[in-house]
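Enquirer: Put chains B and C on the given structure of chain A with help from the hints.
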Amino acid sequence: MGNTFVSIIEIIGTLAFAISGIRLASAKQFDWFGAYVVGLVTAIGGGTLRDLLLNLPPFWMQNSIYLTVTGIALVAVIVFGKFLIRLQNTFFVFDSIGLALFVVVGIQKSLAVGYPFWVAIVMGTITGAFGGIIRDILINEEPLIFRKDIYALACIVGGIFYWGCYTLQLPDEITQSIAAASVILTRFAAVKYHWGLPVLHGNDDESN
Amino acid sequence: MGNTFVSIIEIIGTLAFAISGIRLASAKQFDWFGAYVVGLVTAIGGGTLRDLLLNLPPFWMQNSIYLTVTGIALVAVIVFGKFLIRLQNTFFVFDSIGLALFVVVGIQKSLAVGYPFWVAIVMGTITGAFGGIIRDILINEEPLIFRKDIYALACIVGGIFYWGCYTLQLPDEITQSIAAASVILTRFAAVKYHWGLPVLHGNDDESN
Amino acid sequence: MGNTFVSIIEIIGTLAFAISGIRLASAKQFDWFGAYVVGLVTAIGGGTLRDLLLNLPPFWMQNSIYLTVTGIALVAVIVFGKFLIRLQNTFFVFDSIGLALFVVVGIQKSLAVGYPFWVAIVMGTITGAFGGIIRDILINEEPLIFRKDIYALACIVGGIFYWGCYTLQLPDEITQSIAAASVILTRFAAVKYHWGLPVLHGNDDESN
Chain A
1 MGNTFVSIIE
11 IIGTLAFAIS
21 GIRLASAKQF
31 DWFGAYVVGL
41 VTAIGGGTLR
51 DLLLNLPPFW
61 MQNSIYLTVT
71 GIALVAVIVF
81 GKFLIRLQNT
91 FFVFDSIGLA
101 LFVVVGIQKS
111 LAVGYPFWVA
121 IVMGTITGAF
131 GGIIRDILIN
141 EEPLIFRKDI
151 YALACIVGGI
161 FYWGCYTLQL
171 PDEITQSIAA
181 ASVILTRFAA
191 VKYHWGLPVL
201 HGNDDESN
Chain B
1 MGNTFVSIIE
11 IIGTLAFAIS
21 GIRLASAKQF
31 DWFGAYVVGL
41 VTAIGGGTLR
51 DLLLNLPPFW
61 MQNSIYLTVT
71 GIALVAVIVF
81 GKFLIRLQNT
91 FFVFDSIGLA
101 LFVVVGIQKS
111 LAVGYPFWVA
121 IVMGTITGAF
131 GGIIRDILIN
141 EEPLIFRKDI
151 YALACIVGGI
161 FYWGCYTLQL
171 PDEITQSIAA
181 ASVILTRFAA
191 VKYHWGLPVL
201 HGNDDESN
Chain C
1 MGNTFVSIIE
11 IIGTLAFAIS
21 GIRLASAKQF
31 DWFGAYVVGL
41 VTAIGGGTLR
51 DLLLNLPPFW
61 MQNSIYLTVT
71 GIALVAVIVF
81 GKFLIRLQNT
91 FFVFDSIGLA
101 LFVVVGIQKS
111 LAVGYPFWVA
121 IVMGTITGAF
131 GGIIRDILIN
141 EEPLIFRKDI
151 YALACIVGGI
161 FYWGCYTLQL
171 PDEITQSIAA
181 ASVILTRFAA
191 VKYHWGLPVL
201 HGNDDESN
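In order, the protein sequence lines correspond to chains A, B and C.
To convert, note that position 123 of the first sequence is 123 in full-length UniProt numbering; the numbers rise steadily by one, no gaps.
To convert, note that position 57 of the second sequence is 57 in full-length UniProt numbering; the numbers rise steadily by one, no gaps.
To convert, note that position 79 of the third sequence is 79 in full-length UniProt numbering; the numbers rise steadily by one, no gaps.
A few of these clues could be false.
[Stated by the list, open to error] To give an idea of the interface, some chain C residues facing chain A are shown, with a C-beta separation under 7 Å as derived from the structure:
id, residue
1, Phe30
2, Trp32
3, Gly34
4, Ala35
5, Leu52
6, Pro58
7, Met61
8, Asn63
9, Ser64
10, Thr68
11, Phe117
12, Glu173
13, Ser177
Derived by calculation from the structure, the hints in this document are not laboratory data.
Ideal Cβ positions, reconstructed from N, Cα and C, are used throughout, including at glycine.
For reference, chain A alone in the conformation it holds in the complex (with noise of 0.2 Å):
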């Protein structure tokens, strides 16, 4: 996986959680500004948290193409608000690749700085679930990753995929790849079949 396939997977996938942060931000009759900032959040707040407990610079601050691919995604919304509702499915797809990249770049991280594989697990599902987290906040609801775990998941089921292929010491663009694809077919069937894990309820008449 060079660097250029990286970078517009990357951008492809920023669009796409810009895209769902920003159309949330609109249900909440948000303005644009807060849209935006929405939009932003959600596209780059799990690789920051990332960043700042791998005590790396913020990635999103080398490089200005994410405050601008949010940009676009914001006037997308703006101009096609009512086309794009119909692309949901392709925007389904776009989103599960860019949660695959996601997923892969906090690994790769991880692994770079030296961390064992279990906390390049942890931030590779940091990395991919954590801005439509902070999204959630933001617009004042109860993240819905806690009701619809498949998602995370399916982070945690491609880190165990990249562990598999880095101890059988598959190349880097094959383990890569392995593991994006996993979180991408992980993701496919659990909407397909419906999965989901059980919730955990029965406490409800308890105080803390």
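Expert: Leaving out everything else, chains B and C in the frame of chain A:
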């Protein structure tokens, strides 16, 4: 803008931001401790995120003045609560001056670390606006700023003026004064003439 | 307080904090993954913010025990849910012990980095109390701590006792034990005698 001058303005800005947080907390019936924390976070939240992103030591951990000023703000609200309400316009002035100073400090710090100007403008905006976002998250409200955008746009306008003066190689004091004035004037004009960005809507019927 | 002793207490504290998060998540009908994340964040959130502010590597990325203990907490709530409710008082004891340990660790780490005592006391309080604040943000509730202040005040009391013993140059083990005991006793006494700080109100009729 000498260090002493900055410090006095910074204290006024901290006081205004802390009082804004404490008053919103009081409307939520928080106790004194909760109100203090909300006030403190409003005052130092933006600068703290900026320092974490720039990998600098958090500014408020270098000098206890920020915790002290927040304590004074709490006592002031407890003692003069009703009276302070009538000073609404005075606070708007202080709050705007504080905002302007926070933006200038955020830009200065980012440039000093070697970041390009677009990062500095984002950091100036984060310094000025992020405290209010955390405040609203803590009191469990949708961030006010996402519906009252000129606040953050004033930070961006200030950043652009800073950049213009910097490009023209004006002396630091002049550059900072012009940038600060542009923040304050933009905000005053926005309130006076009811400037606002369009609301993003029409996507309400979709699920994500 | 030797390292082994600290570790056992730390595990008990982590377990108690994680269970507190998981039980609140269960009242919100989160699924197992969501409950795990809320439990983990409750347990490690305070220490993570402390380490970011002190520019230290996040403690839970150095040892997988914290993720493992949170997993055990989740299994315990799933298997023994109803039974655990009757242990409310036992958990209060564990939770207080955990809180006391977290405060002591936060103070130690800050002093080791060279910060003055007032920063160490703030860091001790953040270590003990911030996890619960993020927990409440994630489940979309106003932070409990802002209405139930003695929790955080107990951290501050512990910090002041630590400072007193430290000033008297008592041995580390004694200093830490006295500080921890003062956190626990303050919390017990606050609950037993219904201590609380005044609520801040009377500003309800104002807008900001």
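Enquirer: Hints first: check each against the structure and report whether it holds.
Expert: A quick look at each hint next to the structure:
1. A hinted interface residue such as Phe30/C counts as satisfied when its beta carbon comes closer than 7 Å to some beta carbon of chain A; here the least separation is about 4 Å, so the hint holds.
2. Because the beta carbon of Trp32/C sits about 5 Å from the nearest beta carbon in chain A, less than 7 Å, this interface hint is met.
3. Evaluation of the Gly34/C hint against chain A yields a held restraint, the C-beta minimum of about 3 Å falling below 7 Å.
4. Because the smallest distance between the Cβ of Ala35/C and any Cβ of chain A comes to about 5 Å, under 7 Å, the interface hint for this residue holds.
5. Because the beta carbon of Leu52/C sits about 6 Å from the nearest beta carbon in chain A, less than 7 Å, this interface hint is met.
6. The beta carbon of Pro58/C comes within 5 Å of a beta carbon in chain A, closer than 7 Å, and the hint placing it at the interface holds.
7. Contact between Met61/C and chain A, as hinted, is supported at the beta carbon level, the nearest pair being about 5 Å apart and thus within 7 Å.
8. A cut of 7 Å between beta carbons decides the hint on Asn63/C: the least distance to chain A is about 10 Å, and the hint is violated.
9. With a cut of 7 Å, the hint placing Ser64/C at the interface with chain A holds, because the nearest CB-to-CB distance is about 5 Å.
10. About 10 Å separates the beta-carbon of Thr68/C from the nearest beta-carbon of chain A, more than 7 Å, and the hint is not met.
11. The criterion of a C-beta within 7 Å of any C-beta in chain A is not met by Phe117/C, whose closest approach is roughly 26 Å, and the hint is violated.
12. Interface restraint check for Glu173/C: the shortest CB-CB distance to chain A comes to about 32 Å, outside 7 Å, so the restraint is violated.
13. Of the supplied interface hints, the one on Ser177/C is violated, with its beta-carbon coming no nearer than about 28 Å to a beta-carbon of chain A, more than 7 Å.
Hint compliance for this structure: hints 8, 10, 11, 12 and 13 are not met, and every other hint is.
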